[in-house]
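Mind the numbering: the sequence shown is residues 0 to 294 in numbering that gives the first Met the number 0, read in order.
Hint data in this document are derived by calculation from the structure and do not stem from the laboratory.
There's no promise every hint is true.
[Stated by the list, open to error] Straight-line alpha carbon distances no greater than 16 Å define the calculated EDC-like cross-link-like pairs of lysine to aspartate or glutamate that follow:
(1) Lys198 with Glu178
(2) Lys198 with Glu165
(3) Lys181 with Glu194
Remember, it's a predicted structure, so these values are computed and weren't measured experimentally.
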Amino acid sequence: MELNQVRGVEHYLPGFGGDTSNCAVAAARQGARVGYVTAVGEDTFGNAFLKLWNTEGIDTSCVLRTPDAHTGLYLVSHSKAGHEFSYFRSGSAASRLTPEALPENQIAATRIFHASGISQAISTSACDAVFHALALAQQHRVRISYDPNLRLKLWPLNRARAVIHEAMRQCHIALPGIEDAKLLTGLEQPEAIVEFYLKLGAELVALTLGPEGVLVATTEQQQRILGYAVESVDATGAGDTFDGAFLAELASGRDPFVAARYANAAAALATTGYGAVAPMPTRSQVEAFLNHPNA
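Could you put together the complete structure from these sequences and hints?
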């Protein structure tokens, strides 16, 4: 669950957050069929999340309810330096997820399985669960997507680097952000970073560059796709929106460079309101924006 500070005001707006949840909602709003694997508490926040996912058309049959654990919470504070996260996720229901709880049949039936570094940062058991999910996806020849989403408030850099890069050795689609990737790889240039992840094993890398757009790379070619100028107020869910829109387009058979242009537009629109989920656009909104980007 997310509490997001209103710019210039000392109070917070409640909303929905969590990177993989955001990605799922973004993909669903583009028309993709989406299922979600997680755990929430038997509390008000857990009930609210289930209502959100069901409203968005997301399959929640693999969402576990944990009666003796709370639903995770974080705060987003804004300053001139950008947005800052404060986490209250220790002991949360999602942090108690174990490999044994994973739904193999549902993972086997999916087209793309997406995971993130935050899911691995919140606890040892959740980290193990993600690795087991990746192994199941590989076993059933499911394409794997991974976003490092590095959060140093959740774990130290050395452990994060080791775990994230081990996970990314198993992924087909790498979705790092530029600042995370600089810390994880020690590299500065976007072109060098995408080469690093291609050599690590990914067949497709989309390195998001914030307002500057995205660098998309395969083993055959690289292409930088410019971002869109909008009146941005909160970039909290922009990266997750890009991930969800990009994966939805890939799942429908779209060329990755065309998919990235679409996802850039979706991510830009997601920054025009507060919170991660509320401003996420639908397919019709993205298409209208692409038809008239300067309107």
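Can you confirm whether the C-alpha distance between Lys198 and Glu178 stays at or below 16 Å? violated, 19 Å
Hinted pair, alpha-carbon criterion (16 Å max): Lys181, Glu194. Please report holds or violated. holds, 13 Å
Are the Cα atoms of Lys198 and Glu165 separated by 16 Å or less? Since the Cα atoms of Lys198 and Glu165 sit roughly 13 Å apart, the hinted pair holds (cutoff 16 Å).
This entry does not satisfy hint 1, going by the numbered hints stated previously; all others are met.
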